[in-house]
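A.B. asks: The residues making up each chain are set out below.
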Amino acid sequence: MNYIKCFKLLLIICLISFITTGCWDLKDIDQRSIIIAIGIDFAETPEGSNYEHSELIKLTAQIAIPQKLGGGAGQPPAMGEESVWNVSAVGLNISMAIMQLNEKLQYEIFLGHVRAIIFSEDVAKEGILRYLNYFRNNPDFRRLSYIMISEDKAEDVLNTYPKTAIIQGVYLMNMVETAVKKGNMPDIPFIEFVIRLVDKGIDPVAIMINSFENKIKFSGLAVFKGERMVGKMNIEEGWSFIQLAEKKQGGFEVVRDVKDELGRVTIFFSGIQSNLRPMLTEDDNFLFKVDLDFEGRAISQETPTDYSNQILFNELEQRVSNEVKRELEVLFYKIQKKYNSDIFGFGEMVRAYMPKEWDKIDNWREKFRTTKLDITVRTKIRRIGMTNLIQ
Amino acid sequence: MKEHGKLTERQFAGIIANTLIGAGNLVLPRTLTAIAGTGAWIAVLIGGFLSLVFMLIIIRLGLRFPEETLMEYGTHITNKWIGKSVGFLFCSYWLVLSSLVIRVFSSMLVSSVMINTPIEVIIIAMLLVVVYFIRHDLQVIGRVNELYFIFIIIPILFGIFLSISEVNPIRLLPLTGGQGFLPLLTAGIGSFFSFLGFEIIVMLIPSITTQKLTYNYSIKGLLSPLVVYMTIVLLAVGIFGVEELQNLTWPTLELIKVTPFPGLILERLEVVFISFWVVAIFTTSGNLLYVSILGFSQVLQIEEHKTLIFPLLPLVFFFAMLPGSIYKVFDMMDIISKVGGLLVCSIPVLYYLISVIWDKKGDERS
Amino acid sequence: MKKKNIRNRIKEIINSGTDNPGEKAQEKKLSKKLKENLQLIEDIIGLSDDVVIRKFTLGNKLGIKAALIFIDGLIDKQVINESILKPLLIEEFSAEDTKVLAVNDIVNFIKENTMTINELEVVDNLEEAVQGPLNGDSILMIDGYQQVFILNSKGWKTREISEPQTESIIRGPRDGFVETLRINTALIRRRLKHPALRIKSMNVGKYSKTDVAICYIEGLTNKHLVEEVKERINNIDIDNVLESGFIEQLIEDNHISPFPQILSTERPDRVVANMLEGRIAIVTDGTPFVLVAPVTFSVFLQSPEDYYDRFIIGSFLRVLRFVAIVIALILPSLYISVIAFHPEMIPTQLALAFAGGRAAVPFPSYMEAFMMTGLMELLREASIRLPNPIGPTIGIVGALIIGEAAVSASVVSPFMVIIVATTTIASFAIPDYSAAIALRLVKFPLMILSTIFGLYGLVLGLIALSVHLVSLKSFGIPYMTPMAPSRINDLKDALLRAPLWSMVTRPQYMRTKNKQRFSSKGDDDGNERTR
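Protein chains in written order, with numbering that gives the first Met the number 0: chain B, 0 to 390; chain L, 0 to 365; chain R, 0 to 530.
Keep in mind that the hints were calculated from the coordinates and are not lab data. Hints may be right or wrong, so weigh each one.
Between beta-carbon pairs, the in silico distance windows are [claimed, not checked]:
(1) R:Gly373 with L:Ile149: 27 to 37 Å
(2) R:Leu377 with B:Met95: 49 to 59 Å
(3) B:Thr163 with L:Phe48: 43 to 53 Å
(4) R:Gly373 with L:Arg59: 15 to 25 Å
No more than 30 Å apart at the CA atoms, straight line, and that leaves these computed lysine-lysine pairs for BS3-like [as the list claims (entries may be wrong)]:
(5) B:Lys199 with B:Lys7
(6) L:Lys5 with B:Lys7
(7) R:Lys34 with R:Lys54
(8) R:Lys472 with L:Lys211
(9) R:Lys491 with L:Lys5
(10) L:Lys256 with B:Lys181
(11) R:Lys491 with L:Lys211
(12) L:Lys211 with B:Lys246
Some chain B residues close to chain R (C-beta under 8 Å, calculated; not the full set) [what the hints assert, rightly or not]:
(13) Asp24
(14) Ala63
(15) Pro65
(16) Asp139
Ideal Cβ placement from N, Cα and C applies to all residues, glycine included.
So that you can see chain B by itself, here it is in the shape it has in the complex (with noise of 0.2 Å):
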């Protein structure tokens, strides 16, 4: 019996003892190095070289620099340029760019707390897939931040440091969560880019954004077809596509005054509520029938008209409906002519609400081209101001 425990014991420390010989995964926070936002734009072709223009990206990262950050006692944590590094590194795909990153730096670099990546125009119009896929496999990167496309280089939308960036790939991610949380900006982060690239009744947006001086701005959106980008709208088509695909309130409208045409009132919408139902129209086509129900209030009048009047006030609410409903019928229409690109998400409705139909459809993309856009818009303008303007 004396033996069969000395046995075991001896089992026990050497299993203990097997495990405690390493510490594996032990890498501590300081050894390394965090990166914060990554750009990837194409690299420039070296003459002379073998590649083609689009085949060689420059992954551009942006590191944190932690010692400036925190730790010393007193001193004001430093800013923009001083707290951040970029370095770039050149390769045919991420993985091998970053292992050329790597040999650039001190320390191994960390996914964990990637807050942006952000895509060149024309990188982003070449189709990203192959470049998300890194990103997707890796455990550390965070699924909820941000893909961006940039109007013209990455690289220089990271080298653009606003005033108020402590640290600039945070002071990015707090832009989009604002605008975000405002309804200005559709809440697409990575893992719901990636699901609306793969999903077949769906495509992605991104948020577009273009830097100058040292002011980072939005620009619109980017509109995607599959994983290639094919266009792009301004802000206020942006307001659009949320008002109708996202279900947000989307920005305010302007519209001109009941009385006094060279006024304007400006309308800012706090509420939407919004229905879409697919239906087979009889030439077997589909229509969509929108409903949608906004709920505002007037921020600004630049004429004296006096809104508790009913009849003003009704048409006041109409005029922001038949605006609004212009808006989106430009905007569906332009989408689907000229990119044909379901960023709203219709085919997901049809597979959603018409299952049958939709195992029946090959090419979604054919069928939306011949889909048709039936909107009602009502408004309920809630209040009008604090006071009318003196007369």
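Using the hints, position chains L and R against chain B.
C.D. replies: Coordinates of chains L and R only, in the frame set by chain B:
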């Protein structure tokens, strides 16, 4: 030979629930949606219903022999050798299942959190704790399960609460999957295999304090995993959609990864949830291994079940390391759960029929 | 011949080696002659300097020799002089009727008529007679009689009843137990003026002969429990019991576990409250720490104050302590796991701040954590040992100066100092010292595990810990009751402190005979009752 430790009914329900919530639902959303599409949640219901039926048969059989486990009444219903070999089959199945549960989880851990750690080490570490656990008697097993039920359920509920805002309701539609009833049934039988583990009650029924309440509490015990499974499947479909789910090896883990957790010290909760999942896996494989070893000791007529732990431990490790790649793991899991399903569906029914026809009954409890 | 001699010599040596005065007393008997008796006592006790043998004669005419034996320092001189010697020497025996006495039984006369002392016993066996002076009594021997008087003259310096230092509270009684058994039982008795209170004395320790009293409430406490406690204490075979810790360690269920399975407290109110829940108090002479058994883990989270404040505040404090336990147990391990294994868990700014703080530190984070927690334990231990006036100062100086210096010398990161300080403070928020130190100890294995496996290791460690806790028992009662096994009714007083009026029953797991706390059954409204 008799297990003297008594289980309260609540502990009994806790053991059922904890054994069921384990490795199965790490991959469940993917496997079910591959067959049933958006109707996967109905498949879970069907699977839950099937397991409920078989569980009730097992209890009915068990209550005919209120003082005996399957290993013991098996020999009374048939003869000594058949009873023992059936018991042996059950125990071996539990042993392999237990080691595979650990393996599946360790694989996930290695592929998602601890990339550089050898999988052997993770398995050994888990096994050591499991061994410490199953060295105790049934009373302690029951109490631990009772306590951990809360530690498993509350984080799951919390996670569900957080991720519910990420659900896109359109992706859940059509609710029935839109492909007719057959895929639902196929997937339902598939999900039945992930409910396996409830059959360990064949070893526990004689130890329950108030056997009258067995039906009541076993249903309660089954209900919570059913709800958990269903919610996880619904959430996974609602967040990822059917098509993206097919690309995810560990859909439940990805589910946690996309759950935002705003405004607290911890921003991403996946590691925290994995930690609680460790508890779930621990109870699953611990309970399975415990009944397996208890069963072996009853078949071999060994007084203390503890004596068998060390001889069988290398076997558990061997089975956990047997499949080479993660796909092999899933294949083996498939095979072993089919074997288990066969055992669970056939043996209790046969035993019950035999015992009714020949009117065999165990001694009443004194 | 020679061989035999040698063997005898060896025998003698061995015998003299095992020569036990106590055993001697058992063999020999008291005689009627005072001289022989005195010789016997001298042989057994030895001529220690503190043994006083006062010889005198009873009455001038009577002329009976007598001797009073006591141990200096254990007796009250006042009692000896005024109540024993004075009546014996002056008052009665100088009277005329002493002649009658010679005829009558003088022992009876002294017992019935002479002694002005409260407690007196007449014995005639040597063992008890010898034990008398050792216990602080004095013995009176009279020539011509075999009987010996044991006179209660106990009186030694005791500490004043003062506020317990280890369990100070804001609201509640300020008295604490002292080192004397009788005072302690009196403190209990004063709070339980019910005739059902039973105090049963026992004697433990071959050399120390320590008095141990088992206190319980007849008709309330489970009988089997009382029997079990008595039996366990009876089974103790040890030569000395210096503190109740000896008894605790010898009667607890699991000897290897770091967790206390018996509560030791200095507070009489806590003891009484626990006795009323069906527990048994074990009072040991020579220590202010009274043992209470059986206990569950939740008892260590309770402080008497919880019941004196309103229930919302009491519950809040309970939750706070629960949080404190979690912090004291896992915070350093959590720090290691997050910093070294899963830095993606924390928000970016915080992660960068951590990284910035650690940037100049040359050690890995686990080294840092071990160093600082180790240092903290050192400081805590040192501040207990240091002389009272400078102890706290050194504690503060040590913590502040070393922490500050270590940070500015880049030996540790500022966050580590925060973590360690929080952990230490949290560990002091646990009301029971022995539970707190157990948790502090368990912290280290958890830190090692999380150094190897990160959060996975931490969770495995916690699983093992909780399995251990659940498997523990204190006198047959599972340690984690009412959590596991769950008793929903008893949870009222575990994680939270329910209002007094809602705690109608005593803890069910104690299996008390008398289950109701309140006489009126089912009355839920506290206001009505007080009216």
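A.B. asks: Work down the list of hints and note, for each, if the structure agrees.
C.D. replies: These are the hints, each one checked on the structure:
1. R:Gly373 with L:Ile149: 27 to 37 Å: 34 Å, holds
2. R:Leu377 with B:Met95: 49 to 59 Å: For Leu377 (chain R) and Met95 (chain B) the Cβ distance comes to about 52 Å; the hint holds.
3. B:Thr163 with L:Phe48: 43 to 53 Å: 59 Å, violated
4. R:Gly373 with L:Arg59: 15 to 25 Å: 60 Å, violated
5. B:Lys199 with B:Lys7: Given pair Lys199 (chain B), Lys7 (chain B) is violated - Cα atoms ~58 Å apart, limit 30 Å.
6. L:Lys5 with B:Lys7: 29 Å, holds
7. R:Lys34 with R:Lys54: The hint holds at about 11 Å.
8. R:Lys472 with L:Lys211: 28 Å, holds
9. R:Lys491 with L:Lys5: 25 Å, holds
10. L:Lys256 with B:Lys181: Roughly 25 Å separates the two Cα atoms, so the pair holds.
11. R:Lys491 with L:Lys211: 28 Å, holds
12. L:Lys211 with B:Lys246: 54 Å, violated
13. Asp24: 6 Å, holds
14. Ala63: Constraint on Ala63 (chain B) satisfied, holds at 5 Å.
15. Pro65: 3 Å, holds
16. Asp139: Holds: closest Cβ of chain R sits about 5 Å from Asp139 (chain B), inside 8 Å.
In this structure, the hints that do not hold are numbers 3, 4, 5, 12, in rising order.
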